[in-house]
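Asks: Sequence:
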Amino acid sequence: MKNVLKVFKIGGGVLDDDAQLHQFVREFSQVRGRKILVHGGGKGASQLLQGLGIEPRMVQGRRITDAATLDVVTMFYAGKTNKQLVALLQQAGTNALGLSGADGNVIRAVKRPVTDIDYGFVGDLPADSVDARLLGTLLEAGLTPVLCAITHDGQGQLLNTNADTIASTVARALAASYEVELHFCFEKDGVLADITDDASVIPQIQPAQYQQLKAEGVIAAGMIPKLDNAFAALAAGVEKVVIENALKINEPVKTVLCRS
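Going by the numbering used here, the residue at position 189 of the sequence shown is 189; the numbering climbs one at a time, nothing skipped.
Bear in mind the hints are in silico, worked out from the structure with no lab data behind them.
Note that this is a predicted model, so its numbers are computed, not measured.
Wrong hints could be hidden among the right ones.
Claimed, not checked - No more than 27 angstroms apart at the CA atoms, straight line, and that leaves these computed lysine-lysine pairs for DSS-like:
| no. | residue 1 | residue 2 |
| --- | --- | --- |
| 1 | Lys43 | Lys2 |
| 2 | Lys43 | Lys80 |
| 3 | Lys83 | Lys111 |
| 4 | Lys240 | Lys188 |
| 5 | Lys248 | Lys43 |
| 6 | Lys43 | Lys83 |
| 7 | Lys248 | Lys80 |
| 8 | Lys83 | Lys248 |
| 9 | Lys248 | Lys226 |
| 10 | Lys111 | Lys188 |
| 11 | Lys226 | Lys214 |
| 12 | Lys188 | Lys43 |
| 13 | Lys240 | Lys226 |
| 14 | Lys188 | Lys248 |
| 15 | Lys214 | Lys240 |
| 16 | Lys80 | Lys111 |
Just need the whole structure built from these sequences, with the hints factored in.
Replies: Here is the structure:
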């Protein structure tokens, strides 16, 4: 029987609020067993860019990453944010190790090709991009890897990669060795049947039900790519995907996505 591994992804809502971040760290540290944390950068990177006279540019929620922007987000994601998270986790009793994709060659990306939009130094992840053996070694040594959104191409170039994509790809890569649960944590308690009612959490969604909810417009906009990625992860061997409130990960309220 495989050991359970829980991969958590957190984003800006938690990272941008000091009190929420401390609460999440306390909750995360109470999760027993093997675990990995993947994080984005929040609004802090955009604020830092503006402070340096660089105007942040986003297209469909994706950051346009030119050379100057890459320098700043690398400092912010792989430096300040990652190391602050690691320090808080150590304080809470979790022996964490902060990593970019370049560290240990743990995540190798490919630069996104230019089509109708030039995203700059943005990295996409092929199926074999994650070194699952290295992550497994760290996990079995009792460490909790904390992965930021900076990867590399193996040729000396750092790249900015979407944190949701990193979490999903890491979960898939480790599914051969572990019973993987992928947890997407944000400000809501789960997927809502009514976006105006925070209590309308859908407890469980199966693939056929998901297609119906999309057709009915219950699930729309930014939640669609997140759930598309989630069901793709299930199809690739991930045991379970959970959509939940970052501050309530040890509480029963959440949405669980199932293969069937």
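Asks: Does Lys111 pair with Lys188 here, judged by a C-alpha cut-off of 27 angstroms?
Replies: With Cα atoms ~32 angstroms apart, Lys111 and Lys188 exceed 27 angstroms; violated.
Asks: Mind checking the alpha carbons of Lys240 and Lys226 for me, to see if they're no more than 27 angstroms apart?
Replies: holds, 14 angstroms
Asks: Given the hinted pair Lys43 and Lys80, is their alpha-carbon gap at most 27 angstroms?
Replies: holds, 13 angstroms
Asks: So if I understand the rule, the pair passes when the alpha-carbon distance is 27 angstroms or less; does Lys248 with Lys80 pass?
Replies: holds, 25 angstroms
Asks: Starting from Lys188, check that the Cα of Lys248 is at most 27 angstroms away, please.
Replies: holds, 10 angstroms
Asks: For a C-alpha distance cap of 27 angstroms, please report whether Lys214 and Lys240 respect it.
Replies: Holds. Lys214 to Lys240 sits at ~20 angstroms (cutoff 27 angstroms).
Asks: Is it true that the CA of Lys240 sits at most 27 angstroms from the CA of Lys188?
Replies: holds, 19 angstroms
Asks: Does the structure keep Lys248 and Lys226 at a Cα separation of 27 angstroms or less?
Replies: Distance of about 19 angstroms is within 27 angstroms: holds.
Asks: Do the alpha carbons of Lys83 and Lys248 lie within 27 angstroms of each other, as the hint requires?
Replies: Holds. Lys83 to Lys248 sits at ~23 angstroms (cutoff 27 angstroms).
Asks: Just to be careful, I want the Cα atoms of Lys80 and Lys111 compared with a cutoff of 27 angstroms; is the pair within it?
Replies: Roughly 24 angstroms between the alpha carbons, so the hint for Lys80 and Lys111 holds.
Asks: Compare the distance between the alpha carbons of Lys226 and Lys214 with 27 angstroms, and conclude whether the hinted pair is satisfied.
Replies: OK: Lys226 and Lys214 at ~13 angstroms, within 27 angstroms.
Asks: Check the hint pairing Lys83 with Lys111 against an upper bound of 27 angstroms on the C-alpha distance.
Replies: holds, 25 angstroms
The structure is inconsistent with the numbered hints 1 and 10, although it conforms to all the rest.
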